[in-house]
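Using the sequences provided together with the hints, build the complete structure.
Next come the chains, spelled out residue by residue.
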Amino acid sequence: MSDLSQPYLAQATTAPMLPLSLDGVRFSHRGQRLLGDITLTLGAGRSLIMGPNGAGKSLLMRLCHGLLTPSAGQIRWNGQPLSPALALRQAMVFQRPVLLKRSAQANLTYVLAIRGCPRRLRKPRAQEALERFGLAPLAQRPARVLSGGEQQRLALARAWLLAPDILFLDEPTAALDPAAIRAVEEAVNQFHHRGTKIVMTTHDLNQARRLADDVVFLNAGRLLEHSPAERFFDTPQSSEAAAFVRGELPW
Amino acid sequence: MPTADNAFTTALGLILTLDPALMDIVRLSLQVSLSAVLIAALIGLPLGAALALWAFPGRGMVVVMLNAFMGLPPVVAGLMVYLMLSRAGPLGQLGLLFTPTAMVIAQTVLVLPIVAALARQHIEALLGEYREQLASFGLGRARMMPTLLWDARVALTTVVLAGFGRASAEVGAVLIVGGNIDGVTRVMTTAIALETNRGNLALALGLGLVLLLLVACVNGAAHLLGERARRQMG
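In order, the protein sequences belong to chains A and B. Residue 31 is where the first sequence starts when you use this note's numbering, and the numbers rise one by one after that. Residue 224 is where the second sequence starts when you use this note's numbering, and the numbers rise one by one after that.
To be clear, the hints were calculated from the coordinates, so they are not data collected in a lab. Some clues are possibly wrong.
What follows is a set of in silico ranges between Cβ atoms, one per label pair, in the way DEER data are often shown [stated by the list, open to error]: (1) B:Val-287 x A:Gly-61: 47 to 53 Å; (2) B:Val-287 x A:Gln-104: 38 to 44 Å; (3) A:Phe-263 x B:Ala-365: 43 to 49 Å; (4) B:Leu-302 x A:Gln-125: 41 to 47 Å; (5) B:Leu-257 x A:Asn-108: 53 to 59 Å; (6) B:Gly-351 x A:Arg-212: 29 to 35 Å; (7) B:Leu-448 x A:Gly-54: 51 to 57 Å.
Okay, derived cross-link-like pairs now, SDA-like style, lysine to any residue, Cα gap no bigger than 25 Å in a straight line [what the hints assert, rightly or not]: (8) A:Lys-153 x B:Gln-356; (9) A:Lys-153 x B:Thr-233; (10) A:Lys-153 x B:Gly-422; (11) A:Lys-153 x B:Met-368; (12) A:Lys-153 x B:Arg-366; (13) A:Lys-153 x B:Trp-373; (14) A:Lys-153 x B:Thr-370; (15) A:Lys-153 x B:Leu-372.
Since the model is a prediction, treat every value here as computed from it, not as a measurement. The beta-carbon is built from N, C-alpha and C at its ideal position, and this holds for glycine as well.
Quick look at the structure:
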């Protein structure tokens with residue numbers, strides 16, 4: 031499924047990365063435990079991480095993606111610890127998209143360049159991704175002056191070109207209007223249909239109902255629940271999750 | 224003031240007729256200062272970026288030193304280079320004292336801390352924004368450096384222009400290590416000082432006008448660049 035030439039990854043790309051398993055993962059900062067202990071296994075599909083503010087959702091994703099190192103416990107991808115080769119098979123989209131101070135197109139050719147895509151193929155592939163996410167007319171515009179929704183779509187187009195096996199999304203729609211939210215959700219489903227594992231945090235219950243295959247529910251740094259979406263929304267196991275689903279838990 | 228008035232007319236005449244003596248001095252000034260700034264940029268920009276990217280013991284000290292050296296008085300920089308290059312100094316055998324090369328070295332010493340210290344500040348700010356995303360792309364620190372240098376290009380250009388302004392306007396360093404030798408190491412600033420002392424106000428004023436114009440152009444360029452970037456990048 032990778033449409034990038036990554037000869038040095040040939041061996042790693044053949045092995046499946048899932049399931050992602052966390053065993054007793056804990057994260058402390060300055061002696062304060064912010065997350066843990068988390069024991070969790072994620073398989074294929076769209077996993078949504080939910081919970082009120084400060085629950086540790088973003089922290090959990092950063093640990094899985096390797097941006098942070100757990101203070102204790104182990105994170106394994108199909109039994110393997112995260113290696114540089116495995117890290118290259120993941121991508122992350124942040125709440126506030128981090129775009130380079132270049133044109134929309136140059137933001138895309140940039141990731142192709144750092145992944146070793148031959149120069150002559152970069153522009154056509156970037157153009158293809160721009161078209162896929164409805165950004166073709168904006169190719170030459172500076173990325174930083176695009177609207178919030180356009181910027182997030184560009185970040186998704188960039189992730190698309192990385193052809194990840196796993197895509198992490200940290201509240202990608204938190205600051206967007208309804209039309210932009212729909213566009214982002216459609217983009218997430220494009221990744222899903224390509225076979226990319228989705229791990230996403232959201233505050234939005236309706237969005238979670240639309241997208242989730244399974245829900246991971248955190249509260250105050252602790253894992254309270256991990257269940258299939260239907261079961262989570264219909265019969266939440268913990269009282270906190272029940273309150274959250276009813277919209278009573280403040281976030 | 225008839226003398227000054229007279230001098231001003233003569234000065235304009237010298238500039239407009241491209242007086243050879245004046246042009247030689249301007250040419251040498253530009254050669255020395257541009258070379259110094261080029262060398263300072265080639266060393267200072269990667270150095271500043273490296274200081275922003277890597278943490279190591281004593282990094283704080285290096286940063287404080289660089290910041291302090293931004294305000295290094297030109298005469299002190301000149302004196303330091305003089306001591307190194309003088310006959311009895313460690314590099315005396317090279318015979319560089321009172322040559323344009325010595326002046327380039329002195330101005331590089333002066334400009335390098337400015338370029339490196341300001342580059343570090345800009346790159347560090349940009350890194351704060353980019354770090355997670357670049358790490359997510361799988362880039363290590365060494366591979367982040369070119370991305371950061373390129374994306375900070377507008378700010379860094381202003382930094383280099385500021386360094387050029389500093390180099391072209393200083394007297395002390397080039398005077399001490401160059402010696403203000405006519406036709407060899409005489410640059411605009413040292414010539415102005417000398418001609419004023421000798422009462423040759425026309426040449427001094429002519430050079431002063433050229434220098435003023437140059438500094439104005441550099442500042443104008445920096446301003447335009449900043450404006451353009453703000454419009455384009457949002």
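Consistency of the hints with the structure:
1. B:Val-287 x A:Gly-61: 47 to 53 Å: violated, 29 Å
2. B:Val-287 x A:Gln-104: 38 to 44 Å: With a Cβ separation near 41 Å, B:Val-287 and A:Gln-104 satisfy 38 to 44 Å, so the hint holds.
3. A:Phe-263 x B:Ala-365: 43 to 49 Å: Holds, since A:Phe-263 and B:Ala-365 (Cβ atoms, about 47 Å apart) stay within the stated range.
4. B:Leu-302 x A:Gln-125: 41 to 47 Å: violated, 54 Å
5. B:Leu-257 x A:Asn-108: 53 to 59 Å: holds, 58 Å
6. B:Gly-351 x A:Arg-212: 29 to 35 Å: Holds: the Cβ-Cβ distance is about 32 Å, inside 29 to 35 Å.
7. B:Leu-448 x A:Gly-54: 51 to 57 Å: holds, 53 Å
8. A:Lys-153 x B:Gln-356: Given that 25 Å is the threshold and the Cα spacing comes to 22 Å, the pair holds.
9. A:Lys-153 x B:Thr-233: violated, 59 Å
10. A:Lys-153 x B:Gly-422: Violated. A:Lys-153 to B:Gly-422 sits at ~65 Å, over the 25 Å cutoff.
11. A:Lys-153 x B:Met-368: Distance ~23 Å between A:Lys-153 and B:Met-368 Cα, so the pair holds.
12. A:Lys-153 x B:Arg-366: holds, 22 Å
13. A:Lys-153 x B:Trp-373: holds, 19 Å
14. A:Lys-153 x B:Thr-370: holds, 19 Å
15. A:Lys-153 x B:Leu-372: Holds, at roughly 23 Å.
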